[in-house]
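**Q** Protein chains in written order, with the numbering used here: chain P, 6 to 405; chain L, 6 to 405.
For the record, the hints were derived by calculation from the structure and aren't laboratory data.
A couple of the hints might just be wrong.
Any copy will do: because identical chains look the same in the list, a pair fits if it lies in one copy or spans two.
Claimed, not checked - Simulated pairs of lysine-lysine, BS3-like, Cα-Cα distance not exceeding 30 Å:
hint, residue 1, residue 2
1, Lys345, Lys209
2, Lys176, Lys209
3, Lys206, Lys176
4, Lys148, Lys345
5, Lys273, Lys176
6, Lys345, Lys273
7, Lys206, Lys148
8, Lys206, Lys345
2 protein chains.
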Amino acid sequence: MTWIEIPANSPFGPENLPLGIFRVGDEEPRVGAAIGDQVIDLALVASAQMLDGAQVFAEPTLNAFLARGPRTWHATRGWLLQLVWNSNERDAVEPHLIPQSAVTMLMPFEVADYVDFYASERHATNLGRLFRPDSAPLLPNWKHLPVGYHGRAGTVVASGTDIVRPSGQRKAPADDAPTYGPSQRLDIEVELGFVVGSPSKLGKPVSVDDFRDHVYGVVVVNDWSARDLQAWEYVPLGPFLGKSFATSISPWVVSLEALEAAAVPLGKQEPPVLPYLAGDRLTNYDITFEVYLNGQLVSSPPYKEMYWSPAQMLAHLSVNGASVRTGDLFASGTVSGVRKDQRGSFIELSWGGREPLTVNGEERTFLQDGDEVTITAHATAADGTLIGLGSVTGRILPAI
Amino acid sequence: MTWIEIPANSPFGPENLPLGIFRVGDEEPRVGAAIGDQVIDLALVASAQMLDGAQVFAEPTLNAFLARGPRTWHATRGWLLQLVWNSNERDAVEPHLIPQSAVTMLMPFEVADYVDFYASERHATNLGRLFRPDSAPLLPNWKHLPVGYHGRAGTVVASGTDIVRPSGQRKAPADDAPTYGPSQRLDIEVELGFVVGSPSKLGKPVSVDDFRDHVYGVVVVNDWSARDLQAWEYVPLGPFLGKSFATSISPWVVSLEALEAAAVPLGKQEPPVLPYLAGDRLTNYDITFEVYLNGQLVSSPPYKEMYWSPAQMLAHLSVNGASVRTGDLFASGTVSGVRKDQRGSFIELSWGGREPLTVNGEERTFLQDGDEVTITAHATAADGTLIGLGSVTGRILPAI
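Start from the sequences and build out the full structure, keeping to the hints where you can.
**A** Dropping the structure here:
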């Protein structure tokens, strides 16, 4: 199927071919595609083949490629498939294969606007119970629209970036006044992020059917969260400092075309949604995350149970005429399943800190300095093929 | 004081010298400074004088100039003052003066992240009464921290851009279910916007004393708001579509150095703020806005009564280690004074639509299609000198 040797169970099989930005030594960063445990240096291959538009692969971000739009994305996928499947290409490609262990992966794209949704019914219900114990956990608007808000684009960071524990104001209900200090309830949020390539026009909504014309692909997102800061600040204008210190993303962007094999029908939505959110072909993806705290698996959130389809998120985001730009990132919100070991945050896994979990023999609730969190994800195609999304990792440094 | 003829009461006197991006015909956009009713073509003057770093004035946005930091800002101000005060410069500058009526003003800078604060006690109290009539108008956190949230950077638009009436979901309390349609409560918010030039490092807060090292200057902001969309969506994650369709900014960026003459001490804050928000030299600015609906003055909000200082907003925004970037815009939130004719939004001016105002002989509440809103602003120096901020304008087009 490919002349390139791929280790068994590799997340990056010959039909995945995710794109990212890599650097070798002190050479210029450029675009590569992952296959097995290697990177294809697309800048050099495209240049040698005098490919039309080859210069987009010599850029230090994917933005120029993303901006080219769906025809280029599709043609590029065709070219990549042909490179790895056609053994006649071996002589041209093999000199430009680099072991992944020999490269540094960088931010795959420059983030324009970052929006964070809240599309898991289980997560929203859990958080409602924890943050607002005296009222109905799911708010009246939740099943009518995909609730979301804007996050800080400038602090979306590459996987591997250390996370400095944030300081700020927090106030427990029993306290008279807020105090300042390092967050004591530092947490993760396991999310899927959608990367916009093709811009839309201001004043013109993107319909649910046009999702694939604008979104190129997906990354794994860890939306680090300081629950104590968030709880004190978030009424009435929403989360701000509890989220804005850092959001980590995985280095490889998996295309929707590759992910299509793992598409599954969206679950039933009741009450029915308004027409601008409705569609006959709304899908979800059969993706499973794995969350590791200091190497131990603590949770396996399932994406396919998400209530809102990403096409609905984009249609909602733009229904007021808001335009999207190349590099926009919108994330699903925390992915949590029904089972306790499928929850996508420590506030849920430890039920607000009251039910510690055991990790490497220790009782744990929120993150401690020195902790390392790695989230991996893979999609499963209908025929069982794995389509890996790779992983996002980060280590907590003490507050300064 | 200057060899350039300046009309009486011009907002752009010889000590103001705001910067913006202009275009003449189909020439390349570039940087100009406003003086009287003219623009100094800084790209051409700087190039002719072989000024060190002249190329930043030939850029189509101010970002390259802004990124140079406070020393360059200060030196540039010195250069500009000398150009307009020293009659020996007349021969060099006069050929590069262009009437403002002959240029088109564009977006002055590319917006990185956009944050919107909520720093007027009067506005927050009014909105609390209107949105949450059954509870205390000012929430418990409001006097402890400058409440804010992230807005959509990609839909910050230049003054003069038409505003398409947004559509979306809204649900009146009496309705069983939400409906989709054009906003029926389209509104403005009169704000002051602060423009970040110098970036900060991730993980390192910006103290209140370092405000002027990072913020270059100010613009007038109209944060268009769809109150019906906002009311239905904003719990629990804050405003999203009610705000994200458009935010208009004025074309001229007035430097903090020019504005310094209009600085006034910040009002008393009780209860006292936490140390990271405290400072001996916290200031506000004596700025008055004027809001015109279809040419009639409807309100004159006073900036100097704002509760939170902009230096406190920036210190809070970054206290969790969030970095700022060149082009970040953070706005004050709606400026409302005590008097009814000092309110900075129509929801306040018409008290939720229940107390219409008379404009050009008609009863008016929220914005109608075809309405044109212009907000002008000027600072008043201690010696009475006016430092104009110019104006931001926009006209409402019907929903599509």
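**Q** Against each hint, give a clear statement of whether it holds in the structure.
**A** Here is what the structure says about each hint:
1. Lys345 - Lys209: neither (42 Å within a copy, 36 Å between copies)
2. Lys176 - Lys209: between (43 Å within a copy, 23 Å between copies)
3. Lys206 - Lys176: Intra 43 Å, inter 27 Å, cutoff 30 Å: inter-copy only.
4. Lys148 - Lys345: within (23 Å within a copy, 39 Å between copies)
5. Lys273 - Lys176: between (40 Å within a copy, 23 Å between copies)
6. Lys345 - Lys273: within (23 Å within a copy, 49 Å between copies)
7. Lys206 - Lys148: within (28 Å within a copy, 40 Å between copies)
8. Lys206 - Lys345: neither (43 Å within a copy, 38 Å between copies)
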